[in-house]
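Chemist: Input sequences plus hints: build the corresponding full structure.
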Amino acid sequence: MAWEYFESTRRVSLPPDLKEIVSRYGAGDIDEFLRILSPIADDKTYRLDALMEGERERLLIFREFGDHSQALFPEPGGLLAWSVTLNGDTLFWRTNGRPEDWTIVVNPSRSLNFVEFSESTASFVLGLLTRRLHTDVFPDNFPAETPHFATVRECTIDRVVQQIKDAVDKRYRLLITRVITSDEFSTNVILDLLAGSKPVGEEVWGSVLATLNREILSLLAMFLETDEGRSFGLAIGEVFRAPGTPDSEFEPERQRYRAAYQRLAHRIAECARRVP
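Numbering (numbering that gives the first Met the number 0), first residue to last: 0 to 275.
Simulated from the structure, these hints should not be mistaken for lab results. Predicted, not measured: the structure shown is a model, and the values here were computed from it. Here a beta-carbon is modelled for each residue, glycine too, at the ideal position from N, C-alpha and C. One should not assume that every hint holds.
Quick list of simulated restraints, FRET-style, between CB atoms [claimed, not checked]: (1) Gly76 / Leu132: 36 to 46 Å; (2) Gly87 / Ala143: 14 to 24 Å; (3) Phe148 / Gly65: 36 to 46 Å; (4) Glu153 / Ser22: 11 to 21 Å; (5) Val114 / Glu52: 20 to 30 Å; (6) Arg10 / Thr145: 32 to 42 Å; (7) Gly87 / Arg62: 29 to 39 Å; (8) Val11 / Thr145: 28 to 38 Å.
In silico EDC-like cross-links for lysine to aspartate or glutamate, where the CA-CA straight-line distance does not exceed 16 Å [unchecked claim]: (9) Lys18 / Glu3; (10) Lys43 / Asp28; (11) Lys18 / Asp48; (12) Lys18 / Glu99; (13) Lys18 / Glu6; (14) Lys18 / Asp100.
Modeler: What follows is the structure, given as structure tokens:
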């Protein structure tokens, strides 16, 4: 349903192998480098439409100044963005013929060079991961010896942990990181609260209180009120999103998760005030 809605509103049919990859694995990062995008990801950095629009606008501006002569979709054979790397490289389709026949074009970061590959989407990704394909555009350490795919939720948690490491006094980094990523905190507190399946027991809060002191709870409450903290809450809420649900249908649920997460932030702030 999500793909049909996306394709009808965008007036484009996308390669079936990309849709199969996203439908099976969802949006996320391969080896913290190659990003797989989705039409329904809550995090805009993983949204396919945001990338398509942004890259088309960027290349249109550069073409107007005569910096390149590439055709841009929906022009015949035009470039249509579908992925990025964490180095800032952009991956496009060369939209010649049927969607299943589209090939890959890589635009290196901070460059208007375009490297062509006679590969389909799935063949290109598999070729990279098996090292059948090689390009100087990507670093030598990609892919890893054992490639790993991290979902949007996992990537968001990783960003949150890094944000904590960057922002919090080192005396508290390990403790806060452990609490944020622990099964007890994330499952019993956040997921139960957001799912609304059962009330969060006092024993869970008692365990949190026993683990944290007042200063750390205050820091955590402040963190949850930041944009990054709210993004973390929405990513957790995304766990409960039914696969293929379009944005228009999911918006009421997103509002419910946002409100529930706000209650969680307030509850932690209350805990901070209660700790001696």
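Chemist: If a hint holds in the structure, say so; if it doesn't, say that too.
Modeler: Okay, the hints, checked on the actual structure:
With their beta carbons about 22 Å apart, Gly76 and Leu132 fall outside the hinted range of 36 to 46 Å. At roughly 20 Å, the beta carbons of Gly87 and Ala143 sit within the given window of 14 to 24 Å. Distance hint for Phe148 and Gly65: a CB-CB separation of about 40 Å, consistent with the stated range 36 to 46 Å. The supplied range of 11 to 21 Å is met by Glu153 and Ser22, whose beta-carbon atoms lie about 18 Å from each other.
Distance hint for Val114 and Glu52: a CB-CB separation of about 23 Å, consistent with the stated range 20 to 30 Å. Taking 32 to 42 Å as the suggested C-beta distance range, the pair Arg10 and Thr145 conforms, at roughly 40 Å. For Gly87 and Arg62, the Cβ-Cβ distance of about 19 Å falls outside the hinted range of 29 to 39 Å, so the restraint is violated. For Val11 and Thr145, the hinted distance range of 28 to 38 Å is satisfied, since their beta carbons lie about 35 Å from each other.
Taken as a hint, the Lys18 and Glu3 pair is honoured in the structure, with Cα atoms around 11 Å apart against an allowance of 16 Å. For the proposed pair Lys43 and Asp28, the alpha carbon gap of about 14 Å is at most 16 Å, so the pair holds. For the hint linking Lys18 to Asp48, the alpha-carbon distance of about 14 Å falls within 16 Å, and the restraint holds. Between Lys18 and Glu99 the alpha-carbon distance is near 11 Å, which keeps this suggested pair within the 16 Å criterion.
For the hint pairing Lys18 with Glu6, the CA-to-CA distance comes to about 11 Å; that is within 16 Å, so the pair holds. Of the pairs offered as hints, the one joining Lys18 and Asp100 holds, with about 14 Å between alpha carbons and a cut-off of 16 Å not exceeded.
Of the numbered hints given earlier, the model fails hints 1, 7; all others are met.
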